[in-house]
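Undergrad: Residue numbers (the working numbering), protein chains in the order written: chain A, 5 to 403; chain B, 2 to 80.
Worth double-checking, as some hints may not be accurate.
In silico DSSO-like cross-links for lysine-lysine, where the CA-CA straight-line distance does not exceed 27 Å [what the hints assert, rightly or not]:
1) A:120 x A:217
2) A:117 x B:19
3) B:78 x A:56
4) B:49 x A:303
5) B:19 x A:56
6) B:19 x A:122
7) B:9 x A:303
8) B:49 x A:56
9) A:310 x B:78
10) B:15 x A:122
11) B:9 x A:120
12) B:15 x A:310
13) A:122 x B:49
I should point out that these hints are in silico values taken from the structure, not numbers from a laboratory.
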Amino acid sequence: MVSPHGDDPDEVFERLYAGESAIRKVRSGTEDSSVDVLLAMAEFDPAGTIPKTQLFLMDRNSQMAVVAAHRALTNAKLIAEDRGPAAAGIYMGCGLGGANAMQEAYRIYYQRKSRKVKPSSVPLIMANAPASHISMRYGILGPSFTYSIACSSSAVAIGEAFRAVRDGYLDCAVAGGTESMLNDGAIVAWEALSVLAKEHPDGPAASSRPFAKDRTGFVLGEGAATLVLEEAGAARARGARPIAEIVGFGASSDAHNLTQPAVDGQVRAMRAALADARLVPEAIGYVNAHATATAAGDKIEIDALKQAFGDHARRLAVSATKSMHGHLVGAAGALEFAITLLALNKQRLPPTANLTVPDPECDLDCVPCRGRPALDLEYALSNSFAFGGSNAVLVARRA
Amino acid sequence: MSSYDYIKQLLVEKHDIKPEAISPDTKLTELGLDSLSIAELLFDVADKYSIDIPDERANFTTLGEGAALVDELVQAKGA
Chain A
5 MVSPHGDDPD
15 EVFERLYAGE
25 SAIRKVRSGT
35 EDSSVDVLLA
45 MAEFDPAGTI
55 PKTQLFLMDR
65 NSQMAVVAAH
75 RALTNAKLIA
85 EDRGPAAAGI
95 YMGCGLGGAN
105 AMQEAYRIYY
115 QRKSRKVKPS
125 SVPLIMANAP
135 ASHISMRYGI
145 LGPSFTYSIA
155 CSSSAVAIGE
165 AFRAVRDGYL
175 DCAVAGGTES
185 MLNDGAIVAW
195 EALSVLAKEH
205 PDGPAASSRP
215 FAKDRTGFVL
225 GEGAATLVLE
235 EAGAARARGA
245 RPIAEIVGFG
255 ASSDAHNLTQ
265 PAVDGQVRAM
275 RAALADARLV
285 PEAIGYVNAH
295 ATATAAGDKI
305 EIDALKQAFG
315 DHARRLAVSA
325 TKSMHGHLVG
335 AAGALEFAIT
345 LLALNKQRLP
355 PTANLTVPDP
365 ECDLDCVPCR
375 GRPALDLEYA
385 LSNSFAFGGS
395 NAVLVARRA
Chain B
2 MSSYDYIKQL
12 LVEKHDIKPE
22 AISPDTKLTE
32 LGLDSLSIAE
42 LLFDVADKYS
52 IDIPDERANF
62 TTLGEGAALV
72 DELVQAKGA
């Protein structure tokens, strides 16, 4: 992964478990017009993974995706002589595509009043570029699909990859998501929606406050997370160690409103995921919530959890790690599902940071402020709910 | 820096071509660049010198000829 907390999954998990926020205040804009914005930026080094001759043909989202895929394939012991698993498929999610190249092209056109934009603009911007670059870099010859479903993009990508492997279409899939849109053109659009967090008096790091009474919205983040999905025996036969087992995927549409989520759609997605996994609600111990820290969204998700899980909702642990890594939009589902898998693997729950004064209407166990052990954790669920009312839920089991 | 030196610098730093493979007599097509990379190279040079390289003039063969074209267009712009 490439995330605001780093690129090593174990280190990222430890930092999240410790409740550490990666949200900072960053100066954004142009020389004559700039403001401080809250962001969760990711640092990464493509050198050594991406050839210099390819770097300028890749926007930041593609570079992050390849760096993330490299680690996932390496951990799965699937890279030999610099080539990956030829027969595998690639399933990637991305909300916006090459947002930085898009801004640069508009900047040249509107600011310099020139029609001469970079010849690579189109292949940099196209949303399937990250999947294509993973395919080209590692010689992966199976299908490469890209899902653009706003905040559910990469959860759906992983869900579809899971189905392809489970149903016998593929032996192996590289699945995940990537997003890098932290430029001013994209940021002002998000600002205009009035969904971004205001800086908290305790500082930028305390500004993303899911489930808290004083929550004000989310902080945009960037990054990429990829997983290798395959039959456990095949991984073990190569000496690779499975992190966890993916056992269910459910999706639904709200058919309600472009930006307002709806309880019913979320309930149906969670029920569909549980049914797909052939599990009763009581089997689930932990939910990594979508919870973006908007006033309406968090409460609706809590209500949906109560409906989907009934009496068991009171015994669920529900945490919102967006409190620390921000909202990665098209990469959010993949990063949060990866964190969920690590929680199962390590039998420890990452907290909801900054949850000092809970909203009385968010009255489930939201693992406030401190991570904690969960020694009997067997199954966990990760929610992703997108603008447009597209809901996706993944279920995993301890390996 | 001369336009030739700038082209050479781009080829080395951005396109990972070995400096010893580059001379004024080197043909652009000999460098192993794909069409998109060649288009990017021409874009970068035109951008650097704020010139417009007309499509019908972009058919030069060697790097030396390309640099001479850039110099000519820069001079024409100033005239």
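Undergrad: With reference to the structure, classify each hint as holding or not holding.
TA: Status of the hints after comparison with the structure:
1. A:120 x A:217: violated, 50 Å
2. A:117 x B:19: It is violated: about 36 Å lies between the C-alpha atoms, which goes past 27 Å.
3. B:78 x A:56: violated, 33 Å
4. B:49 x A:303: Not OK: residue 49 of chain B and residue 303 of chain A at ~53 Å, beyond 27 Å, violated.
5. B:19 x A:56: Within the cut-off at roughly 13 Å; holds.
6. B:19 x A:122: holds, 24 Å
7. B:9 x A:303: violated, 59 Å
8. B:49 x A:56: holds, 21 Å
9. A:310 x B:78: Answer violated: residue 310 of chain A to residue 78 of chain B is near 70 Å, above 27 Å.
10. B:15 x A:122: Distance of about 14 Å is within 27 Å: holds.
11. B:9 x A:120: The given pair, whose Cα atoms are some 22 Å apart, holds under the 27 Å limit.
12. B:15 x A:310: violated, 55 Å
13. A:122 x B:49: Between residue 122 of chain A and residue 49 of chain B the Cα gap is close to 13 Å, so the pair holds against 27 Å.
This entry does not satisfy hints 1, 2, 3, 4, 7, 9 and 12, going by the numbered hints stated previously.
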